[in-house]
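Student: Sequence:
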Amino acid sequence: MGKDTVYTLLSIPLFLLCWELFYHVFVGNPLLLAPPSKVLPTFAELAAGLNPRFFMPLDMAYSLFHYALGFSLAFLAGFSLGVLVGWFRLADKISYPVVELIRPIPPIAWIPIAILLLKLTHTAAAFIIFIGSVFPVLLNTQNGVKSVERKFIEAAMTLGATN
Numbered sequence: 005m006g007k008d009t010v011y012t013l014l015s016i017p018l019f020l021l022c023w024e025l026f027y028h029v030f031v032g033n034p035l036l037l038a039p040p041s042k043v044l045p046t047f048a049e050l051a052a053g054l055n056p057r058f059f060m061p062l063d064m065a066y067s068l069f070h071y072a073l074g075f076s077l078a079f080l081a082g083f084s085l086g087v088l089v090g091w092f093r094l095a096d097k098i099s100y101p102v103v104e105l106i107r108p109i110p111p112i113a114w115i116p117i118a119i120l121l122l123k124l125t126h127t128a129a130a131f132i133i134f135i136g137s138v139f140p141v142l143l144n145t146q147n148g149v150k151s152v153e154r155k156f157i158e159a160a161m162t163l164g165a166t167n
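Start counting the sequence shown at 5; every next residue gets the next number (this note's numbering).
One or more of the hints may lead you astray.
Computed beta-carbon distance windows for the label pairs [unchecked claim]:
1. V149 - K7: 24 to 34 Å
2. P110 - G53: 33 to 43 Å
3. P110 - F47: 22 to 32 Å
Keep in mind the hints are simulated off the structure, nothing from the lab. Glycine included, each C-beta is placed from N, C-alpha and C at the ideal position.
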């Protein structure tokens, strides 16, 4: 075993030890910062589904559903619009101001709006994932379409592709 492997294996227990010491020396209140000696058993209990009030596997499934729904819709919308604005200059000129107005807003800033409009629903959670994912997909697709060399487009048209 090399030095790097030993360092890697020791880093997690060392981190947990520092966390525990920090708790006992500086904090002392589990409401402010729980020590790993309390966090790890509670995590194991929740992950195993032993707590009747919380069932972590179900919560993880819901989170995965929110992610899958939000990212799937972001991919569909972002890819479609990216091809559209990458191929047609008019679509780019029309959409550019709107995209650049909304794109810089961080997804966390959309949470109050999502709660207000969509309540605390699966749709609201998926919307936050959508908002965080749609612009990178759109802009990367747009740049990909714009960067296709003209000779490849002409070759495709020679083989029967249409505009």
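Student: Give a verdict on every hint.
Tutor: Hint by hint, here is what the structure shows:
1. V149 - K7: 24 to 34 Å: Check failed, 48 Å falls outside 24 to 34 Å.
2. P110 - G53: 33 to 43 Å: Holds, at about 34 Å.
3. P110 - F47: 22 to 32 Å: At roughly 29 Å between Cβ atoms, F47 and P110 fall inside 22 to 32 Å, so the hint holds.
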